[in-house]
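Enquirer: Chain by chain, the residues:
Number of protein chains: 2
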Amino acid sequence: MNKIITISREYGAGGHSIGKQVAEKLGIPFYDRDIVRETVKASGFDPELVEEEQEDVSRTNSFFKTICSASSIYYNDTQEAIHDVQRAVILHFAQEGPCVILGRCADDILRQAGAECINVFIHADETHRAVRVSELTGCTNATELQKMIAKKDGSRHTYYNHYTGKKWGDSHNYHMTLDSGALGYDTCVKLIVEAAQAED
Amino acid sequence: MNKIITISREYGAGGHSIGKQVAEKLGIPFYDRDIVRETVKASGFDPELVEEEQEDVSRTNSFFKTICSASSIYYNDTQEAIHDVQRAVILHFAQEGPCVILGRCADDILRQAGAECINVFIHADETHRAVRVSELTGCTNATELQKMIAKKDGSRHTYYNHYTGKKWGDSHNYHMTLDSGALGYDTCVKLIVEAAQAED
Chain A
319 MNKIITISRE YGAGGHSIGK QVAEKLGIPF YDRDIVRETV KASGFDPELV
369 EEEQEDVSRT NSFFKTICSA SSIYYNDTQE AIHDVQRAVI LHFAQEGPCV
419 ILGRCADDIL RQAGAECINV FIHADETHRA VRVSELTGCT NATELQKMIA
469 KKDGSRHTYY NHYTGKKWGD SHNYHMTLDS GALGYDTCVK LIVEAAQAED
Chain B
319 MNKIITISRE YGAGGHSIGK QVAEKLGIPF YDRDIVRETV KASGFDPELV
369 EEEQEDVSRT NSFFKTICSA SSIYYNDTQE AIHDVQRAVI LHFAQEGPCV
419 ILGRCADDIL RQAGAECINV FIHADETHRA VRVSELTGCT NATELQKMIA
469 KKDGSRHTYY NHYTGKKWGD SHNYHMTLDS GALGYDTCVK LIVEAAQAED
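If you read the sequences in order, they're chains A and B.
Residue numbering for the first sequence follows this note's numbering, starting at 319 and increasing by one per position.
Residue numbering for the second sequence follows this note's numbering, starting at 319 and increasing by one per position.
Wrong hints could be hidden among the right ones.
Pairs involving identical chains hold if they fit within one copy or between any two copies, as the list cannot separate such chains.
Said to hold, decoys possible - Here are the computed lysine-lysine pairs in the DSS-like style, where the Cα-Cα straight-line distance is at most 25 Å:
(1) Lys465 with Lys343
(2) Lys321 with Lys338
(3) Lys321 with Lys470
(4) Lys508 with Lys465
(5) Lys485 with Lys469
(6) Lys321 with Lys484
FYI, nobody ran anything at the bench for these hints, they're computed from the structure.
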């Protein structure tokens with residue numbers, strides 16, 4: 319077994335928790351925001367710009383467009399440059415050995431590079447996700463929770479489509495997609511571990 | 319464990335073989351074309367019409383339209399009626415106890431009925447599928463294989479969209495989607511069995 323596991327996930331579907339548990343069970347590193355920090359260190363970009371980049375391509379662009387129309391071109395270039403460094407960091411992690419990488423289009427980056435990996439997408443219905451986001455944020459207003467979920471998913475969708483040209487959540491982009499609401503987090507962890515440990 | 323497993327699948331992705339093995343491992347019935355035969359028996363429809371119905375909604379409609387423009391309306395009604403009986407048969411099988419049901423929009427029919435089930439979609443890249451279809455049909459012409467795969471997938475896509483209003487292969491319609499080309503049939507069988515046996 320020498321596989322890298324990438325996890326894409328809808329907001330509130332438990333992808334972070336599932337990915338972390340998978341990494342623990344397999345005894346391999348788990349990379350989430352570490353990637354961003356590593357990007358900052360390696361690239362020398364303004365840390366604030368890198369933090370701003372995140373997944374919200376559309377929002378940050380419009381923000382910059384509002385401030386100064388000329389700077390949106392500059393920001394687009396900067397954003398692409400940050401993404402390039404992020405890609406290099408992901409490839410570096412993958413070369414180090416088996417690991418779990420969350421988000422950041424790692425599935426597409428590693429596929430393009432021909433790396434052997436298992437690309438997983440975690441989703442769940444709105445109710446399961448609202449309950450989870452409520453637990454994470456303390457918000458108990460259903461309308462607010464729906465808005466938060468829609469906004470975060472929209473950002474991830476835009477980010478993924480922008481950098482891969484593919485549809486986020488389309489089963490064909492992943493080796494395995496799992497409904498964490500119906501199956502439960504523990505079952506999702508077991509299934510991913512089982513897939514990672516399977517002989518080819 | 320008292321779950322029904324539905325399997326939707328791309329042509330040549332091994333869904334039939336995987337579904338059959340899952341049923342054997344769990345010691346539960348496997349329903350494929352049996353559903354059609356049961357429909358014939360239960361409905362009293364012309365067996366040829368029922369066989370014709372299959373998944374090729376677009377082709378049969380255009381065929382009937384070519385023969386006689388008025389009959390396409392009749393055929394649409396007949397087709398819907400056949401689908402209704404098929405739905406009743408699927409619900410009957412599901413009520414009998416745990417089983418594996420292949421295709422026929424069983425995932426959507428059982429979801430609508432509130433049945434507890436695991437809906438699986440099996441897909442694979444074109445090369446894996448071409449090799450499989452070659453093995454199944456004896457055809458060794460790559461262009462012919464591509465045409466056969468595209469035609470069969472188109473039919474299943476149209477059939478699924480027509481009766482469910484949803485996109486065939488969209489991860490959100492399934493509890494689990496698996497790339498049988500990358501993961502291998504045996505791993506797919508193991509993962510589905512594991513999901514079926516998991517405690518909620």
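Enquirer: Does each hint hold? Answer for all of them.
Expert: Here is what the structure says about each hint:
{"no.": "1", "hint": "Lys465 with Lys343", "verdict": "neither (34 Å within a copy, 44 Å between copies)"}
{"no.": "2", "hint": "Lys321 with Lys338", "verdict": "within (16 Å within a copy, 29 Å between copies)"}
{"no.": "3", "hint": "Lys321 with Lys470", "verdict": "neither (29 Å within a copy, 33 Å between copies)"}
{"no.": "4", "hint": "Lys508 with Lys465", "verdict": "neither (31 Å within a copy, 38 Å between copies)"}
{"no.": "5", "hint": "Lys485 with Lys469", "verdict": "both (17 Å within a copy, 23 Å between copies)"}
{"no.": "6", "hint": "Lys321 with Lys484", "verdict": "within (23 Å within a copy, 33 Å between copies)"}
Hint compliance for this structure: hints 1, 3, 4 are not met, and every other hint is.
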